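Start from chain A and add chain B according to the hints.
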Amino acid sequence: MSLLEIRNATLKFGGVVAVNDLSFSVEEGEVYAIVGPNGAGKSTVFNLISRFYEPFAGSFQFDGGNLLDCKADEVADLGIARTFQNIELFDHATVLQNLLVGRHRHRKSNLVEELFFAPRVRREEHAHREAVEEVIDFLDLQPYRDKMIAGLPYGVRKVVELGRALASGPRLLLLDEPASGLSVEETQDMRWWIDDIRKQMGITVLMVEHDMGLVSSVSDRVLALADGAKLAEGTPAEVQSNPAVIEAYLGAGAA
Amino acid sequence: MRIHFKTSYEHDIRLFPDRWSFGVYAALLILAVLLPFLIGEFYLGEVTNVLIWAIAGLGLMLLTGQTGQASLGHAAFLAVGCYANTILIEQGVPFIIAFPLAGVITGLVGVVIAIPVLRLHGIYLAIATIALSILADDIIVLLEPWTGGVSGKFPEVINIFGFEIERWTMPTRFYYLVLVVTVVCTLFYRNLLRSPLGRAFAAVRDSEVSATAMGVHIARTKGTAFGLSCMITGWAGALMGYYAGTFNNETFSLVISITLLMMIVIGGLGSIHGAFFGAVVVAFLPQALSIGKDLFIGGSVAIPGLETGVFGLILILFILFEPMGIYGRWMKIRIWFELFPFARKDMFKRQKSYLKTERLR
Chain A
863 MSLLEIRNAT LKFGGVVAVN DLSFSVEEGE VYAIVGPNGA GKSTVFNLIS RFYEPFAGSF
923 QFDGGNLLDC KADEVADLGI ARTFQNIELF DHATVLQNLL VGRHRHRKSN LVEELFFAPR
983 VRREEHAHRE AVEEVIDFLD LQPYRDKMIA GLPYGVRKVV ELGRALASGP RLLLLDEPAS
1043 GLSVEETQDM RWWIDDIRKQ MGITVLMVEH DMGLVSSVSD RVLALADGAK LAEGTPAEVQ
1103 SNPAVIEAYL GAGAA
Chain B
4 MRIHFKTSYE HDIRLFPDRW SFGVYAALLI LAVLLPFLIG EFYLGEVTNV LIWAIAGLGL
64 MLLTGQTGQA SLGHAAFLAV GCYANTILIE QGVPFIIAFP LAGVITGLVG VVIAIPVLRL
124 HGIYLAIATI ALSILADDII VLLEPWTGGV SGKFPEVINI FGFEIERWTM PTRFYYLVLV
184 VTVVCTLFYR NLLRSPLGRA FAAVRDSEVS ATAMGVHIAR TKGTAFGLSC MITGWAGALM
244 GYYAGTFNNE TFSLVISITL LMMIVIGGLG SIHGAFFGAV VVAFLPQALS IGKDLFIGGS
304 VAIPGLETGV FGLILILFIL FEPMGIYGRW MKIRIWFELF PFARKDMFKR QKSYLKTERL
364 R
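Going line by line, the protein sequences match chains A and B. Residue 1033 in my numbering sits at position 171 of the first sequence, with consecutive numbering throughout. Residue 29 in my numbering sits at position 26 of the second sequence, with consecutive numbering throughout.
Pulled out of the complex, with its shape left as it was, chain A reads as follows:
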């Protein structure tokens, strides 16, 4: 059984069909990439999975359960974490605090315990920090641990956002353009990280990405979208050589 299975998903904004009868499934332990021209509906698919948007039709299954039964804030509890295309960090907090918010779904203490900072809260804070520290080690964020987000360069913010998603200990990681705006070296780092996330941590990755170099080097399967519908699906090489995909990107006659 697939980890994430989407069938016949459709979403319309007024007369615009953003996602049109889209079906695909992500297997446990793979890196699955979604590509497509601007406005193809890639981020919309992510927002559907995050339950920010309510689909018109279609079924969303995660690990055998119905994703549509969850509210947006319950999706994290299932073990789905995500990043955003235009970095959505908590700007007036430090890197460490941002990563600790990622641990929010593991919060067990209640309000009264926290007001008095009961021993249990302290114990859990230690556990959260241990988990977060592993992520910091993994992503080489040590120099930035206590820095405010508002003063960090773009590339570091991108990594912090990845770290925040990882800190929640997800089973499925949704990466919305992880390499956009990154330098060549940073993209290379991102590539190793995505590889390690899959191989060492055993986390399934679903990503939207424009950088075909990154996509073809890390992903097992690629889905090409255009106008909200599936254009092609298969290995990176298959999709890249698919005439329909080339036409969507470069226009008719280019193939």
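I should point out that these hints are in silico values taken from the structure, not numbers from a laboratory. Treat the hints with care, as some may be off.
As the list claims (entries may be wrong) - Output of the computed footprint for chain B on chain A, the stretches with three or more beta carbons under 8 Å from beta carbons of chain B:
1. 939-949
2. 953-963
3. 966-974
4. 984-994
Since we're looking at a predicted model, the values are computed, not measured. Just so you know, even glycine gets a beta-carbon here, dropped at the ideal spot from N, CA and C.
For chain B alone, kept in the frame of chain A given last:
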């Protein structure tokens, strides 16, 4: 410059980052405890007033500075706390139970009001909460059998197991009571900041979208923030009632709400220090103005609106030149000395921030 070498998670979690800052705050607390022996009764009363305002400021700071929800209705919650405390004591509940309970009641009232009101954002939220302030006045008049309406109420002498506290005849005892409440509220605030809920508050303030994606329930978190904020404000209200000695429907007016909000902006949004700095300004400004007026113009001349005018001017100047408030200025001066001579002029210039994700609503 002090550099913290963190060698265990406790370095992050504990209340004070190092021995030095522990020493500073301990000295401050000792000074506060010894204060009645150092200054006269009049000034002790003024300091008590500062502390009461600081408690109210902490309450609003939790909501506005921490969770990012503006409220111009907190005078209403001062009133709820004040009346709840007085009425409970009149019903024969001992102070030691009635006072904490008054805060809890205010918190619950706050949560009930928060459920519809917190659906609004930004300026609309501010307008809706103004309505609360105005309504409170009328509701107090309408509930005359309990509240005493326009003629108001007088709080009874506080009695803790036979130990009596009264603001006018025993200012020292009242000062210590207020000091204890201040320390407890500050500790609550600090504890929240270092636990998951406090971080969730900041998350809601900075980005609701990604807070949701991290599993933070936005409405519940905002409601909790509102409730906690109202609880602390309720305690401040009860103490204000004792401090004033009498109160009626007009004591907790819209002006008090606005003053509260201005206070935390001037003090510095989002910091505990800010609540205290702002309280000092709010409590001492009228005195400073009247002393200044006596000196320069002569005490007999009345200048209507002087206080509000000066207050407004200060607020405008702060927003223009120091949006981080007094606390922000203090930090800058401190860092300048710590880094001397390496501080640069543009060190605190805001960096260009990047596009936010297209808003989902």
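**Report entry** Hint check against the structure, violated hint numbers in rising order
**Finding:** none
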